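Here the sequence shown is numbered in this note's numbering, starting from 1 and rising by one per residue.
Treat the hints as calculated values from the structure; they're not laboratory data. Treat the hints with care, as some may be off.
Claimed, not checked - DEER-style ranges, computed between Cβ atoms:
no.	residue 1	residue 2	range
1	D38	K167	18 to 28 angstroms
2	H160	G128	28 to 38 angstroms
3	F19	I72	18 to 28 angstroms
What the hints assert, rightly or not - Straight line, CA to CA, 27 angstroms or less: simulated DSSO-like cross-link-like pairs of lysine-lysine:
no.	residue 1	residue 2
4	K23	K164
5	K155	K23
6	K159	K174
7	K27	K155
8	K167	K155
9	K171	K159
10	K164	K174
11	K159	K74
12	K74	K174
13	K163	K174
14	K27	K159
15	K74	K171
16	K74	K167
17	K159	K23
18	K27	K164
19	K155	K74
20	K74	K23
21	K164	K74
22	K23	K174
23	K171	K27
24	K155	K171
All values derive from a computational prediction rather than experimental measurement. By construction, the Cβ of each residue, glycine as well, lies at the ideal position given by its N, Cα and C atoms.
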Amino acid sequence: MGAERFSTVANKKRTHDRFTRFKRWLKLHYYKVVRIDDPPDRIARGVAIGVFMGIFPTFGLGIIVAIVFAYILKANRASAVLGSFIMNPFTIPIFWTLSSAVGAVIFWEDRELVMASIKNHQFLNGIGWAYVVFLVGNIIVSSTSAALAYFITRKWVIKHREKKRMKMLAKAEKHDIEKKQ
């Protein structure tokens, strides 16, 4: 009984550690984005391009395609790379399921059948109907996610810079007061 209790505590600790690491990873990438020296619009555009290309099925070329589109659309390339990290082994099932569900709703198809054909890789045998359903759903999910990423990132960058500006003004004001005394 003591060993079982210990393993439960160890599992909780491991889960907590994973969550803490994930929070740290998110915070690190947040600061990497908001500290980029570029106008907020270009940074947000880069993140949106990265998010779109990260979710859209580019079969491993998402980062490269995001950099190319960021260059063409005059967006920040570093933020495009950071935005493309939205797709990772943990989020793939979420976005694939969501894309299949959205496509199935649009085409009045059974979501379970679409998901089954995708899981069995039947959609790779030529351009099958399941792939079309998935792709249409994915375009909608990618576009919506990119739009959300654009507005959220732009707001975060502006807010971060305003906070930083106010902090610097307060520091300069404090320095001026000390200097006068």
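Taking the hints in turn, this is what the structure says about them:
Distance hint for D38 and K167: a CB-CB separation of about 20 angstroms, consistent with the stated range 18 to 28 angstroms. Against the hinted window of 28 to 38 angstroms, the Cβ-Cβ separation of H160 and G128 comes to about 45 angstroms, which falls outside the hint. For the pair F19 and I72, the supplied restraint of 18 to 28 angstroms is violated, since their beta-carbon distance comes to about 38 angstroms. A hinted pair counts as satisfied when its Cα atoms are at most 27 angstroms apart, and K23 with K164 qualifies at roughly 22 angstroms.
Distance restraint check for K155 and K23: the Cα-Cα separation of roughly 20 angstroms lies within the 27 angstroms cut-off, and the hinted pair is therefore satisfied. Of the pairs offered as hints, the one joining K159 and K174 holds, with about 22 angstroms between alpha carbons and a cut-off of 27 angstroms not exceeded. For the hint pairing K27 with K155, the CA-to-CA distance comes to about 16 angstroms; that is within 27 angstroms, so the pair holds. For a cut-off of 27 angstroms, the pair hint linking K167 to K155 stands: about 18 angstroms separates their Cα positions.
A hinted pair counts as satisfied when its Cα atoms are at most 27 angstroms apart, and K171 with K159 qualifies at roughly 18 angstroms. Note on K164 and K174: the hinted pairing holds, with a Cα-Cα distance of about 15 angstroms set against a maximum of 27 angstroms. Among the hinted pairs, K159 with K74 is consistent with the structure: their alpha-carbon atoms are about 22 angstroms apart, no more than 27 angstroms. The hinted pair formed by K74 and K174 fails the criterion: a straight-line CA distance of about 40 angstroms is larger than 27 angstroms.
As the CA atoms of K163 and K174 are separated by approximately 17 angstroms, the hinted pair is consistent with the 27 angstroms bound. For the given pair, K27 sits about 15 angstroms from K159 by alpha-carbon distance, which is consistent with the 27 angstroms threshold. The straight-line distance between the Cα atoms of K74 and K171 is roughly 35 angstroms, outside the 27 angstroms bound, and the hint therefore fails. For the hint pairing K74 with K167, the CA-to-CA distance comes to about 31 angstroms; that exceeds 27 angstroms, so the pair is violated.
Distance hint between K159 and K23 is fulfilled; the C-alpha atoms sit about 20 angstroms from each other, no more than 27 angstroms. Straight-line distance between C-alpha atoms of K27 and K164 comes to about 17 angstroms, which keeps the hinted pair within the 27 angstroms bound. For the proposed pair K155 and K74, the alpha carbon gap of about 19 angstroms is at most 27 angstroms, so the pair holds. For the proposed pair K74 and K23, the alpha carbon gap of about 30 angstroms is over 27 angstroms, so the pair is violated.
Simply put, K164 and K74 have alpha-carbon atoms about 26 angstroms apart, close enough for the 27 angstroms limit, and the pair holds. With a CA separation close to 34 angstroms, the supplied pair K23 and K174 exceeds the 27 angstroms bound. Using a Cα cut-off of 27 angstroms, the hinted pair K171 and K27 holds, with the two alpha carbons roughly 25 angstroms apart. For the suggested pair K155 and K171, the alpha carbons sit about 24 angstroms apart, so the restraint of at most 27 angstroms is met.
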